[in-house]
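Protein sequences appear in the order of chains A and B.
Read in order, the letters of the first sequence are residues 4 to 192 in my numbering.
Read in order, the letters of the second sequence are residues 4 to 192 in my numbering.
Treat the hints loosely; a few may be bogus.
One copy or two, it doesn't matter: identical chains are merged, so the pair holds either way.
[As the list claims (entries may be wrong)] Taking lysine to aspartate or glutamate and the DMTMM-like style, the derived pairs with C-alpha atoms no more than 20 Å apart in a straight line are:
no.	residue 1	residue 2
1	K180	E47
2	K27	E129
3	K125	E166
4	K26	E129
5	K180	D142
6	K26	D176
7	K125	D89
8	K26	E16
9	K26	D89
Please keep in mind that the hints were generated in silico from the structure rather than gathered at the bench.
None of these values were measured; they are calculated from a predicted model.
Number of protein chains: 2
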Amino acid sequence: MSLRYALLGLLAEEPASGYDLTKKFERVLQRYAWHAQHSQIYPELNRMSDDGLIAVVAEGARGRRTYAITDAGRADLRHWMVNPPDVIVVRNEFVLRLFLLSTLDPTEARRLLELVAAANAKQLDELRANVAAFDAAADPSAGLPLQRLVAEFGLRSFQILAEWAGWAIERIDQTEKMPTTDPDALKPK
Amino acid sequence: MSLRYALLGLLAEEPASGYDLTKKFERVLQRYAWHAQHSQIYPELNRMSDDGLIAVVAEGARGRRTYAITDAGRADLRHWMVNPPDVIVVRNEFVLRLFLLSTLDPTEARRLLELVAAANAKQLDELRANVAAFDAAADPSAGLPLQRLVAEFGLRSFQILAEWAGWAIERIDQTEKMPTTDPDALKPK
DNA sequence: GCGGGACCTATCGAAAATGACATGTCGAAA
DNA sequence: TTTCGACATGTCATTTTCGATAGGTCCCGC
Numbered sequence: 004m005s006l007r008y009a010l011l012g013l014l015a016e017e018p019a020s021g022y023d024l025t026k027k028f029e030r031v032l033q034r035y036a037w038h039a040q041h042s043q044i045y046p047e048l049n050r051m052s053d054d055g056l057i058a059v060v061a062e063g064a065r066g067r068r069t070y071a072i073t074d075a076g077r078a079d080l081r082h083w084m085v086n087p088p089d090v091i092v093v094r095n096e097f098v099l100r101l102f103l104l105s106t107l108d109p110t111e112a113r114r115l116l117e118l119v120a121a122a123n124a125k126q127l128d129e130l131r132a133n134v135a136a137f138d139a140a141a142d143p144s145a146g147l148p149l150q151r152l153v154a155e156f157g158l159r160s161f162q163i164l165a166e167w168a169g170w171a172i173e174r175i176d177q178t179e180k181m182p183t184t185d186p187d188a189l190k191p192k
Numbered sequence: 004m005s006l007r008y009a010l011l012g013l014l015a016e017e018p019a020s021g022y023d024l025t026k027k028f029e030r031v032l033q034r035y036a037w038h039a040q041h042s043q044i045y046p047e048l049n050r051m052s053d054d055g056l057i058a059v060v061a062e063g064a065r066g067r068r069t070y071a072i073t074d075a076g077r078a079d080l081r082h083w084m085v086n087p088p089d090v091i092v093v094r095n096e097f098v099l100r101l102f103l104l105s106t107l108d109p110t111e112a113r114r115l116l117e118l119v120a121a122a123n124a125k126q127l128d129e130l131r132a133n134v135a136a137f138d139a140a141a142d143p144s145a146g147l148p149l150q151r152l153v154a155e156f157g158l159r160s161f162q163i164l165a166e167w168a169g170w171a172i173e174r175i176d177q178t179e180k181m182p183t184t185d186p187d188a189l190k191p192k
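Using the sequences and the accompanying hints, generate a full structural model.
In structure tokens, the structure reads:
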């Protein structure tokens with residue numbers, strides 16, 4: 004049901020077509036929160052429309068249909084938002100690789116971490132640029148909007164991943180220089 | 004295919020039965036990296052066995068079958084580990100709620116964040132206790148094992164979530180005290 | 001005027017995941 | 001001795017997701 008609420012949430016912010024929503028998933032949601040392809044999005048929109056949670060508010064060129072959330076949809080979304088499950092369930096192939104890092108030898112683990120750190124640095128830069136543009140356009144006298152708070156969460160997440168990867172690589176290098184075959188390593192204290 | 008590699012990775016560390024693996028998923032993997040239930044795990048183990056990636060190495064009471072990874076399995080796992088996809092794809096209902104925070108009014112958003120912060124604090128305490136026990140049992144003269152590095156990542160992740168949630172709640176409170184109807188808020192600079 | 005790229009929706013078989021139901025064993029405490 | 005909880009594996013209908021294929025439109029630059 005999460006896909007449904009992801010779509011409902013995006014439509015609560017502004018009306019959009021299936022195409023728009025697909026792009027938003029690709030650009031934003033996919034990387035942090037939820038992944039879905041258009042082949043899943045279009046049928047779900049039709050079902051949500053049947054269920055009265057959203058409605059077509061405009062039809063444009065190329066068969067474009069713009070949907071907006073209905074009152075029933077808003078109520079349903081709110082209910083979902085304020086009732087989070089108490090067991091959180093995650094699927095993240097990236098973190099899974101980290102968990103299985105110890106199945107690699109230290110040299111390979113190190114190489115994987117460097118790959119990770121590089122990919123992460125690139126994403127951090129992108130996000131930083133987006134946030135900077137957002138801040139420049141924002142009214143400085145107003146408080147930070149909720150969206151900006153979440154962006155901050157993304158920023159901090161990337162930052163600690165970068166820091167951690169660097170730290171982990173350092174540790175691996177230190178361990179490599181201090182092999183257990185070194186008799187000194189066996190000295191107590 | 005991620006489930007297959009999650010199982011392969013756990014079996015690369017030590018032989019285990021379907022039951023053992025299910026418990027490991029529940030206790031560890033589920034919260035951070037990958038979720039799977041026993042109804043998915045048992046059939047997958049049978050398929051992996053058919054494919055020669057794992058093999059039954061012991062049979063115990065109550066029909067227990069202990070599996071171990073084969074050389075073919077190890078090769079397959081290694082290949083998967085060192086070839087991460089370049090687009091990372093995530094599914095995390097919790098983060099999805101954060102993204103849709105702006106569909107709530109500030110009061111409700113604040114309440115949700117407090118719920119989140121409390122749940123997170125509990126998880127952080129649990130992990131901290133586990134890590135402390137691990138460190139106490141570890142050989143201090145050896146370098147940090149890779150598993151410990153990953154635990155550190157978990158620790159830091161929880162910590163920044165806690166910090167962020169606190170910060171976000173503060174921001175919301177400040178904004179609430181400074182409504183846009185306040186004429187001062189409209190003054191330039 | 002035409003070629004190509006962005007726009008836009010759709011379907012469908014296969015694979016993955018869910019949640020409920022099913023069935024039994026072993027050991028320990030009451 | 002019986003009962004209860006942990007141990008242990010399985011199936012299956014339904015739902016969700018994937019990946020590929022499909023078909024068409026609008027607009028811009030050459």
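Cα distance capped at 20 Å. Does K26 pair with E16 within a copy, between copies, both, or neither? within (15 Å within a copy, 41 Å between copies)
How would you label the pair K26, E129 (within, between, both, or neither) given a Cα cut-off of 20 Å? within (17 Å within a copy, 39 Å between copies)
Should K125 paired with D89 be assigned to within, between, both, or neither, using CA atoms and 20 Å as the limit? between (34 Å within a copy, 12 Å between copies)
Same-copy or cross-copy closeness of K27 to E129 [CA-CA at most 20 Å]: Answer is within; shortest intra-copy Cα gap is 16 Å, inter-copy 36 Å.
With 20 Å as the alpha-carbon cut-off, assign the pair K26 and D176 to within, between, both or neither. Neither: 42 Å inside a chain and 33 Å across chains, both beyond 20 Å.
Please sort K180 with E47 into within, between, both or neither, judging by C-alpha distance up to 20 Å. neither (55 Å within a copy, 40 Å between copies)
For the identical chains here, do K26 and D89 meet the 20 Å Cα criterion within one copy, between copies, both, or neither? Close across copies (19 Å), not inside one copy (31 Å); limit 20 Å.
Alpha-carbon proximity between K180 and D142, which holds within one copy, between copies, both or neither at 20 Å: Between copies only: 17 Å across chains, 53 Å inside a chain, cut-off 20 Å.
Homo-oligomer pair classification [E166, K125; C-alpha up to 20 Å]: within (14 Å within a copy, 24 Å between copies)
When held up to the earlier numbered hints, the structure conflicts with 1 and 6 and fits the remainder.
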